[in-house]
Amino acid sequence: MRELRPLTISNSIKSAPSVLLTPEMEKFVFVQPLNQDFILAQTIYTLLNKHFKVGMLEAGMFKLKEVKYLLAEEPEGVLNVDDWMDCLWASKRKFNHLLNPNTLFKMYLINLFFPLFSTTRKLMLPGKKDRFVMDAYPSLGGNKGIQFHPVNLNELGLNKAEFRKLLSYIQKDIGHIIDEFLVLHHDNLYKDLKYQVSLYPSIRNKYWNELKQCFEPDFKTFVIAEAENYLLKL
Amino acid sequence: MESFYSIIYYKTNSLTDEMVSIGLLAGGCEGPFMYISNARLELLKKVLHPNTFLSVRRHLKFLFEKVGKHRNEAAGILLFDPVYTVEQMELLSQRSKNAIAYSKPTTINEWLDAKFFNDLTQSFFGEIINIQTKKRPVFHLKWKAFYHSTKFKTWESDIPISFILNSSPLSITVDLVDQKAKKLIKGIDFDLGETSLNRKLYELELIVNALPDFHVAIIYPIPKKKSGKVAFEVINKKYPKLVFQEFSEFKKMN
Chain C
0 MRELRPLTIS NSIKSAPSVL LTPEMEKFVF VQPLNQDFIL AQTIYTLLNK HFKVGMLEAG
60 MFKLKEVKYL LAEEPEGVLN VDDWMDCLWA SKRKFNHLLN PNTLFKMYLI NLFFPLFSTT
120 RKLMLPGKKD RFVMDAYPSL GGNKGIQFHP VNLNELGLNK AEFRKLLSYI QKDIGHIIDE
180 FLVLHHDNLY KDLKYQVSLY PSIRNKYWNE LKQCFEPDFK TFVIAEAENY LLKL
Chain G
946 MESFYSIIYY KTNSLTDEMV SIGLLAGGCE GPFMYISNAR LELLKKVLHP NTFLSVRRHL
1006 KFLFEKVGKH RNEAAGILLF DPVYTVEQME LLSQRSKNAI AYSKPTTINE WLDAKFFNDL
1066 TQSFFGEIIN IQTKKRPVFH LKWKAFYHST KFKTWESDIP ISFILNSSPL SITVDLVDQK
1126 AKKLIKGIDF DLGETSLNRK LYELELIVNA LPDFHVAIIY PIPKKKSGKV AFEVINKKYP
1186 KLVFQEFSEF KKMN
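In the order they appear, the protein sequences are chains C and G.
Each residue of the first sequence is one higher than the last, beginning at 0 in my numbering.
Each residue of the second sequence is one higher than the last, beginning at 946 in my numbering.
Extracted from the complex, chain G is given alone in its bound form:
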């Protein structure tokens, strides 16, 4: 099948014949591929009514999904039911009423694959597609997943103090408790916001006071913020009896 590309435009103003190119659609060979320029969409956002923009972006997103799905899943059907063909794009380019317009398809004299399409969009829009770095999950989620894992089968997790100490009315939970060995582990992230950190530290104080004969260990990620470093220093000095252990080291030991 012949490979081609077609530029996707948005008609911003029919009064002045104004059109903004917002994407690229290519078909044939290993295609179809579609690209939407984020910078151009940002531009549209400033020009259009918010609700119209919402709808246009939704439309493009759904079309993008459709194209991607067609490339990844329905490869076997391509022969019988070619959706992204030159003829189809020819037809589409003739729709005069549409605000989202497609240019007449132009033949590509190259093997169209993901790499080539990438180069093509580069040369058209000059945008570097930056692959977003995966965000690290926050400490308390990692910590929770870790202490809920089977490694701590013998320990009890998320136990309120009132369970350990019958005389105590406190309902504050302790992350891990080994009642026989009188051991107790709690995770604290010192980089938390001021109010959340203060709450955690208050909880710690209550726990230490309520269970003086327990061996308490604090698991923490290395603080990165200045406030976190300061808070860590203060707590380290305040409770010389407690054992402070870094999370990554604690993971290695267990």
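If we strip away everything but chain C, and leave its shape as in the complex, we get:
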């Protein structure tokens, strides 16, 4: 996480989050005060996305009145990915304006294989071709830190007609994406995560107990079957 130096900070009059402008003219919005729980969760989240090569927005840190705050980059024209925007892929011609639909599916696979955060936001960056990215930070349920809570693709919203339509265009690639994902889901990731967690002695046991469940063979078999089943029904 980058320590930010502000050029100016502005408070919103419409109770929208405050915005920090860096000397490089990047905009960051204030998210929440940082605590140890959140820093570790953020580290795990970043590590997972980086490991599976999923682009994400940058997170920053800023100390204001002795309190450290988490900030998230806010690029121009960013949009939430949801079923409302299905007009963007209503036909193959329109679908071709998306740069990385494969990555979107990968994001859902991460959610499926590592169901630790309560929600992770998927965003769309505008451009000549629109690009999918992950938000800069995960949201955790309450103050409890990460919690292992298995989900299926239906709960993630992939069974909605709008997303089925989007993924049906890349149906041929999905098997490949799943295989690639499984190849990357290896022991080194396990070691990396374990090392990161071990850096926070006071909460490491709690976190590791949640995290290691993602690597249990039973769970892995279950989610692989879930993903392959989805592909079959697509």
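Hints listed in this document are in silico derivations from the structure and should not be mistaken for laboratory results.
Note that this is a predicted model, so its numbers are computed, not measured.
Hints should not be assumed to be uniformly reliable.
[As the list claims (entries may be wrong)] Restraint ranges, calculated between C-beta atoms of paired labels, are given here: (1) Glu1010(G) <-> Lys190(C): 48 to 56 Å; (2) Glu25(C) <-> Glu1055(G): 30 to 38 Å; (3) Glu1010(G) <-> Ser9(C): 48 to 56 Å; (4) Pro1082(G) <-> Lys91(C): 24 to 32 Å; (5) Gly1013(G) <-> Asn10(C): 39 to 47 Å; (6) Lys143(C) <-> Phe1069(G): 57 to 65 Å; (7) Met24(C) <-> Glu1055(G): 51 to 59 Å; (8) Asn99(C) <-> Lys1006(G): 50 to 58 Å; (9) Gln1067(G) <-> Thr118(C): 38 to 46 Å.
Heads up, the beta-carbon is just placed ideally off N, CA and C, and yes, glycines get one too.
With the hints as your guide, set chain G onto chain C.
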């Protein structure tokens, strides 16, 4: 179903809470209707990065198509699967991260139809939606369609001179030829640009010289440009033997 409208905003600057209203979405009754203000989009074009603007405009266009399609085609499904409802818009208006924001839906106490929606957008954006006049197709397309039609079945069309006159190497095509009656018709638009017109006139000269015993008719649209009028006068004097006939009159006669 309750009818409502929701204003579509674009967040141009989160630092200053700046939002520009760029459109209107109304649902219920005969809806849904959507309107995008072209003047506001022009404004956005000046503010945003070109690629971002491209994407935003594309997004709005696709949404507009989706709304239009929903109104025109899926009317039967509305009861079971209402997409443009107050609840849906309520949900959408709460998305804080979105650069394209929707205001909370406001109830309309009127029957929402195309006319009323038109009035509504008028009062919001004050833009007169000018119905674009259809552009006239250019002469050579109209002319080509006409001489390719069945009216000229007995004539031969698009024939190179070398076909008519075996000794000639010219590959210039003549629009219509009746070899037995020794008749020949060519279309020329005198309003064409200088180079294209000169080429046409050069072709005409070659044709006239190569086929002196043919009866040549020139079909032309009334020239509107000054240069076209002058060129027409010059050619009229240059070839007193040729028959010049206006296209609309020629159409009536055939």
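Note to self: Of all the hints numbered above, which does this structure not satisfy? Sort the numbers upward.
What the structure shows: 2, 3, 6, 7, 8
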